[in-house]
Amino acid sequence: EAGVAQSPRYKIIEKRQSVAFWCNPISGHATLYWYQQILGQGPKLLIQFQNNGVVDDSQLPKDRFSAERLKGVDSTLKIQPAKLEDSAVYLCASSSNNEQFFGPGTRLTVL
Amino acid sequence: AQSVTQLGSHVSVSEGALVLLRCNYSSSVPPYLFWYVQYPNQGLQLLLKYTSAATLVKGINGFEAEFKKSETSFHLTKPSAHMSDAAEYFCAVSGGSNYKLTFGKGTLLTVNP
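Residue numbers (my numbering), protein chains in the order written: chain A, 74 to 184; chain B, 4 to 116.
Each hint should be verified, as a subset may be incorrect.
[Unchecked claim] Straight-line distance between alpha carbons at most 25 Å, and here's what the computed SDA-like set of lysine to any residue pairs gives:
hint: 1; chain 1: B; residue 1: Lys108; chain 2: A; residue 2: Asp147
hint: 2; chain 1: A; residue 1: Lys156; chain 2: A; residue 2: Lys144
hint: 3; chain 1: A; residue 1: Lys144; chain 2: A; residue 2: Asn124
hint: 4; chain 1: A; residue 1: Lys117; chain 2: B; residue 2: Ala4
hint: 5; chain 1: A; residue 1: Lys88; chain 2: A; residue 2: Gly113
hint: 6; chain 1: B; residue 1: Lys103; chain 2: A; residue 2: Asp147
hint: 7; chain 1: B; residue 1: Lys108; chain 2: A; residue 2: Tyr83
hint: 8; chain 1: B; residue 1: Lys103; chain 2: A; residue 2: Glu158
[Claimed, not checked] Which residues of chain B face chain A? A partial, calculated answer using Cβ under 10 Å:
hint: 9; residue: Gln48
hint: 10; residue: Phe93
hint: 11; residue: Tyr102
hint: 12; residue: Thr105
Hints are computed from structural coordinates only; laboratory data are not their basis. Even glycine gets a Cβ: it sits at the ideal position worked out from N, Cα and C.
With these hints in hand, go ahead and build the complete structure from the sequences.
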C-alpha cells in the first residue's frame with residue numbers, strides 16, 4: 074500500500090513570495106490533515122478535511138494561508154505572501170478510523 | 004480541550020540501557036493516546052496507540068507504554084536501547100469525534116555506544 078505522498082520535499086523562497094504544497098493521501102482515506110512543524114516543536118494542526126469539506130481550520134492563519142481539496146482526494150496548501158516565521162516543515166496526514174499516517178513533509182525556508 | 008506535556012526535551016542513554024520517555028496529558032473526554040517517532044528528514048511513524056482497551060500497549064521495535072488514568076500519564080519504555088532508536092519521539096492525544104491530534108513538543112533520544 075502506497076503511503077502519503079508530498080511534494081516538493083524542499084522549498085526555499087524569499088519573504089512576500091507565494092508557495093504551494095501538494096499532498097496525495099492514502100487511497101480510500103476520507104480524512105486529510107495539514108500540520109505545521111516549527112523546528113523544536115511538535116506538529117500543530119492547520120486544517121482538517123473530511124472528503125472535500127473543512128472540519129477544522131481554527132488554527133489556519135487565513136489572511137495568508139489557504140487550502141483546498143476539491144475532489145476529495147489530493148490537497149494543496151498555499152501561503153501568500155510568506156513571512157520569515159512560516160519557515161517550518163509542513164506535514165500532510167490521512168487517516169483511517171483513529172490512526173493518522175504521515176507523509177515525509179515539505180521543508181520550507183523563507184529568507 | 005486537550006494538551007500534552009513531555010518531560011525532558013532531550014534524553015540520553017547508553018546502548019542496552021532502559022529507555023523511559025515521559026508523557027502526561029490533559030483531556031476533557033476519554034483520550035486516545037499515541038506515540039510517534041520521527042527520524043531526521045522523515046515524517047512521523049506510529050509506534051503505538053491506546054484506544055481504551057488494554058492499559059499496557061505494545062508497539063513496534065520493542066517499545067511499550069502504559070496508560071495510567073490516575074496519573075494522567077502515558078510513558079514510553081523500552082528495556083534495552085539500540086543505536087537505531089536514536090530519533091525524536093512525540094506523544095499525542097486525541098479526543099472527540101474528529102480525532103484531532105494534539106502533540107507534545109517532543110523528546111530527542113540519543114543513544115551512546
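Checked hints:
1. B:Lys108 <-> A:Asp147: 29 Å, violated
2. A:Lys156 <-> A:Lys144: 29 Å, violated
3. A:Lys144 <-> A:Asn124: Holds: Lys144 of chain A and Asn124 of chain A sit about 8 Å apart, inside 25 Å.
4. A:Lys117 <-> B:Ala4: Satisfied, since the Cα-Cα distance of roughly 14 Å is no more than 25 Å.
5. A:Lys88 <-> A:Gly113: 22 Å, holds
6. B:Lys103 <-> A:Asp147: This hinted pair holds, its Cα atoms lying about 20 Å apart.
7. B:Lys108 <-> A:Tyr83: 23 Å, holds
8. B:Lys103 <-> A:Glu158: Distance of about 24 Å is within 25 Å: holds.
9. Gln48: Nearest chain A Cβ about 7 Å off; hint holds.
10. Phe93: 5 Å, holds
11. Tyr102: 5 Å, holds
12. Thr105: This interface hint holds because 8 Å falls under the 10 Å limit.
The structure does not agree with the numbered hints 1 and 2 stated previously, though it agrees with the rest.
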